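S.K.: Each chain, written out:
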Amino acid sequence: MAAVIDEEQVWHIAKLARLNLSDDEVQLFAGQLAEIFAYFRILDTVDTEGVEPLAHALAVTNVLREDEPADSLCSEKALANAPQREQGFFRVPKVLDQGSGT
Amino acid sequence: MININGLAVEPIIGLEIHVQLATRTKMWCGCKRAFGAEPNSRVCPVCLGLPGALPVMNRRAVELAVRTALALNCRTAGFTTWDRKSYYYPDLPKNYQISQYDRPLSYGGVFEFPFANRISRVRIIRAHLEEDAGKNVHDFPGCSAVDLNRAGTPLLEIVSEPELHSADQTREFAVQLHRLVRYLGVSEANMQEGQMRFEPNINLRILKDGEIYTTPIVEVKNLNSFRALHGAVACEITRQVEGWQETGVVATTGNKSNRGWDDEREATVAQREKEEAHDYRYFPDPDLVPLELDEAWVAELKEHMPELPIPRTERFISEYKVPASDAPALVDDRATADLLDQAAEFGGDKSTLAKHFLSFWARHANERGTPIADLGISSKHLAELARLQCEGTINATATAQVADQMIARVAHRFSGGGHESSSESEHPAEAKLSPRAIAEQLGVLQSRDEDQIATWVEQALASNQKAVQDAISNQKKLKAARGFLTGQVMTISGGQADPKMVGALIEEKLAEIGQSKV
Numbered sequence: 002m003a004a005v006i007d008e009e010q011v012w013h014i015a016k017l018a019r020l021n022l023s024d025d026e027v028q029l030f031a032g033q034l035a036e037i038f039a040y041f042r043i044l045d046t047v048d049t050e051g052v053e054p055l056a057h058a059l060a061v062t063n064v065l066r067e068d069e070p071a072d073s074l075c076s077e078k079a080l081a082n083a084p085q086r087e088q089g090f091f092r093v094p095k096v097l098d099q100g101s102g103t
Numbered sequence: 000m001i002n003i004n005g006l007a008v009e010p011i012i013g014l015e016i017h018v019q020l021a022t023r024t025k026m027w028c029g030c031k032r033a034f035g036a037e038p039n040s041r042v043c044p045v046c047l048g049l050p051g052a053l054p055v056m057n058r059r060a061v062e063l064a065v066r067t068a069l070a071l072n073c074r075t076a077g078f079t080t081w082d083r084k085s086y087y088y089p090d091l092p093k094n095y096q097i098s099q100y101d102r103p104l105s106y107g108g109v110f111e112f113p114f115a116n117r118i119s120r121v122r123i124i125r126a127h128l129e130e131d132a133g134k135n136v137h138d139f140p141g142c143s144a145v146d147l148n149r150a151g152t153p154l155l156e157i158v159s160e161p162e163l164h165s166a167d168q169t170r171e172f173a174v175q176l177h178r179l180v181r182y183l184g185v186s187e188a189n190m191q192e193g194q195m196r197f198e199p200n201i202n203l204r205i206l207k208d209g210e211i212y213t214t215p216i217v218e219v220k221n222l223n224s225f226r227a228l229h230g231a232v233a234c235e236i237t238r239q240v241e242g243w244q245e246t247g248v249v250a251t252t253g254n255k256s257n258r259g260w261d262d263e264r265e266a267t268v269a270q271r272e273k274e275e276a277h278d279y280r281y282f283p284d285p286d287l288v289p290l291e292l293d294e295a296w297v298a299e300l301k302e303h304m305p306e307l308p309i310p311r312t313e314r315f316i317s318e319y320k321v322p323a324s325d326a327p328a329l330v331d332d333r334a335t336a337d338l339l340d341q342a343a344e345f346g347g348d349k350s351t352l353a354k355h356f357l358s359f360w361a362r363h364a365n366e367r368g369t370p371i372a373d374l375g376i377s378s379k380h381l382a383e384l385a386r387l388q389c390e391g392t393i394n395a396t397a398t399a400q401v402a403d404q405m406i407a408r409v410a411h412r413f414s415g416g417g418h419e420s421s422s423e424s425e426h427p428a429e430a431k432l433s434p435r436a437i438a439e440q441l442g443v444l445q446s447r448d449e450d451q452i453a454t455w456v457e458q459a460l461a462s463n464q465k466a467v468q469d470a471i472s473n474q475k476k477l478k479a480a481r482g483f484l485t486g487q488v489m490t491i492s493g494g495q496a497d498p499k500m501v502g503a504l505i506e507e508k509l510a511e512i513g514q515s516k517v
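Those protein sequence lines, which keep their order, are chains A and B. My numbering numbers the first residue of the first sequence as 2 and each following residue consecutively. My numbering numbers the first residue of the second sequence as 0 and each following residue consecutively.
By construction, these hints were calculated from the structure, which means they are not laboratory data. In this text the structure is predicted, and so the values were computed from the model without any measurement. One or more hints might be untrue.
Unchecked claim - Taking lysine-lysine pairs in the DSS-like style, the calculated list, with each CA pair at most 25 Å apart, reads:
| # | chain 1 | residue 1 | chain 2 | residue 2 |
| --- | --- | --- | --- | --- |
| 1 | B | Lys499 | B | Lys465 |
| 2 | B | Lys431 | B | Lys465 |
| 3 | A | Lys95 | A | Lys16 |
| 4 | B | Lys255 | A | Lys78 |
| 5 | B | Lys320 | B | Lys499 |
| 6 | B | Lys508 | B | Lys431 |
| 7 | B | Lys379 | B | Lys431 |
| 8 | B | Lys93 | A | Lys16 |
| 9 | B | Lys134 | B | Lys84 |
| 10 | A | Lys95 | B | Lys134 |
| 11 | B | Lys465 | B | Lys476 |
| 12 | B | Lys320 | B | Lys349 |
| 13 | B | Lys354 | B | Lys379 |
| 14 | B | Lys465 | B | Lys478 |
| 15 | B | Lys93 | A | Lys78 |
| 16 | B | Lys349 | B | Lys379 |
| 17 | B | Lys475 | B | Lys465 |
| 18 | B | Lys255 | B | Lys207 |
| 19 | A | Lys78 | B | Lys134 |
| 20 | A | Lys95 | B | Lys84 |
| 21 | B | Lys499 | B | Lys475 |
| 22 | B | Lys84 | A | Lys16 |
| 23 | B | Lys134 | A | Lys16 |
| 24 | B | Lys207 | B | Lys84 |
| 25 | B | Lys255 | B | Lys320 |
| 26 | B | Lys354 | B | Lys320 |
| 27 | B | Lys431 | B | Lys475 |
| 28 | A | Lys95 | A | Lys78 |
| 29 | B | Lys255 | A | Lys16 |
| 30 | B | Lys93 | A | Lys95 |
As the list claims (entries may be wrong) - Computed footprint of chain B on chain A, listed as stretches where at least three residues anywhere in the stretch have a Cβ under 8 Å from a Cβ of chain B:
| # | segment |
| --- | --- |
| 31 | 19-25 |
| 32 | 60-70 |
Said to hold, decoys possible - Coverage of chain B stretches by chain A, computed from C-beta distances (three or more under 8 Å per stretch; other residues unrestricted):
| # | segment |
| --- | --- |
| 33 | 29-38 |
| 34 | 301-307 |
Backbone N, C-alpha and C fix where the C-beta goes; we use that ideal spot for every residue, glycine too.
Modelling step: build the complete structure from the supplied sequences, incorporating the hints.
M.R.: Below, the structure written as structure tokens:
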């Protein structure tokens, strides 16, 4: 079976995931990922005609909570693991725009 | 089609709207939703994205989302699921946003609103639930700072079809939608606090020499005022015409771009494209099980839908006989519109009641910076005041005076002059606000005592013989003379005589005098 992942795709995914990979690593992972994908291809042999895609591994729905406030962490605790802080904020390298604008 | 630089141009505009839902807590955790709280004080392991923390859906957020979907005539999905939209940004602690990709909570709606003397009909592609990001702050030198209080706030994303065709129409759509979500109580939609944000997609169809050219689509990100929305759309229309004339570039797959809005320059500006930013690698969130919206649940939510602002405006125009231009002022604030409806239930002339709302009640509300509903005047007293004027018990001037007094007394009561009571009968403090009692105390009740009015009329006629002569001998002067005499009676009575009764009595007396002369 042909490789479904090449080095260019590994570069692309690494960039999206903010991973700094060396050329050697890219080559290594491309090979490994191709093997993994090939292995998954076994699933293609199963007849899924007329079978609904599964939305979740558990056959459970509607796990909801009431809109009742619970305690938050204090900002001291929230920032406890932050590498850098700035007056109650998480300090990060300078970003240019206003926000991710979800 | 409009004409720009000698070209026939049709703008094509779609809108994405983000609305923060008015829940008490966040979408997936019990942290309070709060604007302006101390940075990073409304956070917990779930909304900080700490390892091992598990999100749990907020029932209220789901219900508010469904309510909005129903008001937008959307179909609700019986089965809806959650997906992770992955991207790296400092304001996104998990490095993915929980959103809905291929099975949104609702879809296929339509929103109709009046615009330019017609009904605009804009289809809604989908309305789905997701979570807001935190906030990046740029107040410190050499770094950015992140406050995650907003992270995980329930957010409804509404996406329209590109069926708007001008900046004015786009703004009106946004204004109507803003009013709708406030009416439904699903969002405070405070624009300054970013609780409602707009992202228009804009491009143009340009007709030249029988050919149609389509310009590349531009999305303007994160607009949080109607003015910015209008400005951004208007600016893009001109800019894209000029751009096309210069370069001839038309839309192709992949040449859509993002721009921002510069409030000071009042122009859209190119945004640095985050490379491959659109590769979000959506995949199902294994932490959240699907949501089933069964018919009974949806039906129950449907049952509690209020009358929506646009049909209510139409009803007010016909029922309260208010001009179409004034109706929105009565409808915009739902509590005020409800109060008007409640006052009308006491009977009496609805048009007088509405006029009071539009005149002195609106003035008092403006002076206090509150809606009329928060003035503290009960529907019963609002109705009573309107009735007093309608019956002719007090005149228009006195009505406004009584209203002033009612307001003054409410203010006194709120400042500690009164006390709470739960008794069934009217509390003394309540009784003090009774328009009839106030009118009596002010001495502005109009006299309907026939003998008293007859005496005033006699006095007026006796001291104005010239007018009497004019009235009975000169048909041309009759009307003016009668008006003059009525005015004299009103003066003598100190404004207390019922003008209708005065008019009738003067007519009667003049007829008598006329008869005796023959």
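S.K.: Hint by hint, say whether it matches the structure.
M.R.: Results of checking the hints against the structure:
1. B/Lys499 - B/Lys465: Roughly 23 Å between the alpha carbons, so the hint for B/Lys499 and B/Lys465 holds.
2. B/Lys431 - B/Lys465: Measuring from Cα to Cα gives roughly 47 Å; hence the hint is violated.
3. A/Lys95 - A/Lys16: holds, 19 Å
4. B/Lys255 - A/Lys78: Violated, at about 43 Å.
5. B/Lys320 - B/Lys499: Status holds; Cα separation ~24 Å.
6. B/Lys508 - B/Lys431: violated, 41 Å
7. B/Lys379 - B/Lys431: holds, 13 Å
8. B/Lys93 - A/Lys16: Distance of about 17 Å is within 25 Å: holds.
9. B/Lys134 - B/Lys84: Judged against 25 Å, a Cα distance of about 18 Å means the pair holds.
10. A/Lys95 - B/Lys134: holds, 13 Å
11. B/Lys465 - B/Lys476: holds, 11 Å
12. B/Lys320 - B/Lys349: Status holds; Cα separation ~8 Å.
13. B/Lys354 - B/Lys379: holds, 16 Å
14. B/Lys465 - B/Lys478: Holds, because 14 Å separates the two Cα atoms, which is no more than 25 Å.
15. B/Lys93 - A/Lys78: holds, 18 Å
16. B/Lys349 - B/Lys379: holds, 13 Å
17. B/Lys475 - B/Lys465: holds, 14 Å
18. B/Lys255 - B/Lys207: holds, 22 Å
19. A/Lys78 - B/Lys134: holds, 19 Å
20. A/Lys95 - B/Lys84: holds, 23 Å
21. B/Lys499 - B/Lys475: Roughly 22 Å between the alpha carbons, so the hint for B/Lys499 and B/Lys475 holds.
22. B/Lys84 - A/Lys16: holds, 16 Å
23. B/Lys134 - A/Lys16: holds, 24 Å
24. B/Lys207 - B/Lys84: violated, 41 Å
25. B/Lys255 - B/Lys320: violated, 49 Å
26. B/Lys354 - B/Lys320: holds, 9 Å
27. B/Lys431 - B/Lys475: violated, 50 Å
28. A/Lys95 - A/Lys78: Holds, because 24 Å separates the two Cα atoms, which is no more than 25 Å.
29. B/Lys255 - A/Lys16: holds, 22 Å
30. B/Lys93 - A/Lys95: Roughly 19 Å between the alpha carbons, so the hint for B/Lys93 and A/Lys95 holds.
31. 19-25: Answer violated; 1 residues pass the 8 Å Cβ test.
32. 60-70: holds (count 10)
33. 29-38: Satisfied; 5 residues make the cut.
34. 301-307: n = 0 at 8 Å, threshold three: violated.
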